[in-house]
Amino acid sequence: MAGPRPGCSGPTLDELARMARLDLTPERKAVAGPAVDLVYGLVDQLDSVDLGDLAPATAFDARWE
Amino acid sequence: MEPYELRLSEAAERIRSRELSPVELTDSVLGRIEALDERVGAFAAVMGDRAVGAARAAEQEIAGGRYRGPLHGVCIAVKDLLDTAGVPTTSSSRTRADNVPAANAAVVDHLEAAGAVIVGKTHTHEFAYGVITPTTRNPWDLDRIPGGSSGGSGAAVAARMCQGAIGTDTGGSVRIPAAVCGTVGLKPTYGRVSRRGTASLSWSLDHIGPLTGSVRDAALMMDVIAGYDRADPATRDVPVPRHGEGLSAGVENLVLGVPRNYFFDRIDPEVEAAVRAAIGRLEDLGAELREVDLPHPELYMPAEFGILVPEASAYHQETLRKLGDLYTEDVRMFLEAGELMLATDYIRAQRVRTLIQQGWRDMFAGIDAVLAPTLPAVAARAGELAFTWPDGVEEPVINCYVRTSAPGNLTGLPALSVPCGFNSEGLPIGLQIIGRPFAEPTVLRIGAAYETATDWSDRHP
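Line order of the protein sequences matches chains A and B.
Basically my numbering = 1-based index in the first sequence + 7.
Basically my numbering = 1-based index in the second sequence + 726.
In short, the hints are calculated from the structure, not lab data.
Some but not every residue of chain A turned toward chain B, in silico, with C-beta under 10 Å:
1. MET26
2. ASP30
3. ALA39
4. TYR47
5. GLY48
6. ARG70
7. TRP71
Label-pair distances were calculated between CB atoms; the ranges are:
8. ASP30(A) x ASP991(B): 40 to 48 Å
9. ALA27(A) x ARG1087(B): 31 to 39 Å
10. ALA811(B) x GLY59(A): 45 to 53 Å
Here the structure is a predicted model, which means the values were calculated and not measured.
Every residue, glycine too, gets a C-beta built ideally from N, C-alpha and C.
Looking at chain A on its own, in the form it has when it is part of the complex (with noise of 0.2 Å):
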C-alpha cells in the first residue's frame, strides 16, 4: 500500500460521510472521527501480508434447500 492513511477528521470526514449518506453533527464527528482512526489503525496492519491469489473467508452455497 501506498503511504499512511490521513487521519479521518475535518473535510476528509465529511466527505466519507456525505458517500455513506450518515448525517453526522459536529458532536457525532468528533466522536465518530477519532473512532474511524483507531479502526483503521488496526486494519491498517493488514498491509504488508502477502495475500497472493487467496480468496476471502466468504463463501456462498448455490443449492435452494
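With chain A's structure known, arrange chain B on it following the hints.
Just chain B now, kept in the frame of chain A:
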C-alpha cells in the same frame, strides 16, 4: 439442598426418575431469581407464567411416560439476542424496546422441542457489541462486571438462577463471561449451531453456544441445539454426535498444544500460574504436551475488527439513521465508524482470515487441541475502562478480553472455557481448550477430564 442448586445433569436425572417434578424445580428457580436478580441484574425479562406452564406440561408428559430427554423440565435462560415468540426480545437496546417476535429463534425451537423450561431472557451488552454488559454484575463480586456480551447468561448460571443458558460469541462473548463468572462455556465450531432468529453482530464471526455449571451439562445442551439449518447459510450438514458419550475417556493418548507465543505474552501472573497449573494437571492425567507457535498472531486483532466493525454497521445501517439517538454511546460510535470503512479493507480482512485458517490447520498437525488462558485477566471492576500492566501499559478491557478470544472466532474452531482456579481475591479464572473443526466431543472430553480431577466447578458465589 434446594432444587435450584442442582446442575442440569443432576436435575435431569431426578426428573427422569420422577424424584423431582419440573414444577418443583421451576418454582425453586423462579424463587432464586426473585431473591437475587435485583442485585445481579442478569435478566432482561423473567418469563414466570410461561415457565410454570411449560413445567406443568412437562410434568404431565413425563407422568404419562413421554420423557423427551435430559432437557425435559429443566430451567434454561436465553440471551435476549435470540427471538422468543410472543416475548419481548430487545437485545438490551432501546432501539428494540417494543420488539415482540412472532417466531422463535432456531435454538429456542430446539430447546422447547426438547421440553426445556425457558425461564427468561438474559441481558447482553447492547446488540452484543461489547464485553461489559453494564446492566449486570458479577455474582462473585457485585462491584465487578460479569463480562460480555453474554454477561446475563454467565451471571445467571453462576448464581444458579437457571440450570443452563444460551450465549452468543463473536469475539469471545460466551467464553469471556464463562471465565469471569466461573462457569463452563462452549463456543462451538462456526456453522455447528443455527443462528436463525438471532440478532447479528457479525455474520462472519457469530456463534451460539451454552453456558453451564459443568462440562457434561454443556454436552447435553449441545445435543439439543446443534445441527444443520438451511435458513442459516453458515451451518454445515455435518452429523451431530452424542456430545456426552466420550466424556469419561480421559486424556491419555491425546496430544495437547501449549502456545509458546501470543496467549501468554501479556497476562496477569495469577492467571498464568492457574492456567499453567491446569496444563500440568492434564499432563499428569496422561496427555502428551507439545509446544506450538501460533501463526500470524499480529493479524488476529486487525482481522477481527476489520471484519466485525463493518459487518455490524451493515446490520444496523437503517436503524442507525432512524433511531441513532437511542443507541448507547459506545455502540453508536463504532456503528458510525464502520459506516466509513472501505469495502476493499473489509475484504482484505476476510482474505487474511483465510490465511489465519491455513496457518492454524498446519499448526494442528499431530495435535488434538490447544490449551490457553481463556482471558489474560480476571473480572474488571464496574466502570474500569482499562487494565494497567506491570510495565505501565494500559490496555482497554475490551482489547484485553478479545485478544485471547478472537482466534477462536476467526478460525471458527470449537473453544471451551472451564474454571481452573481463583485469584487471591477469589475471582474465577478460565482455561481455554481449542479443538479441530467439529471436534466438540474432544474439547468436552478434555474439559471433563480436567473438571473431574479438580473441584473448581463445585465452588459457588
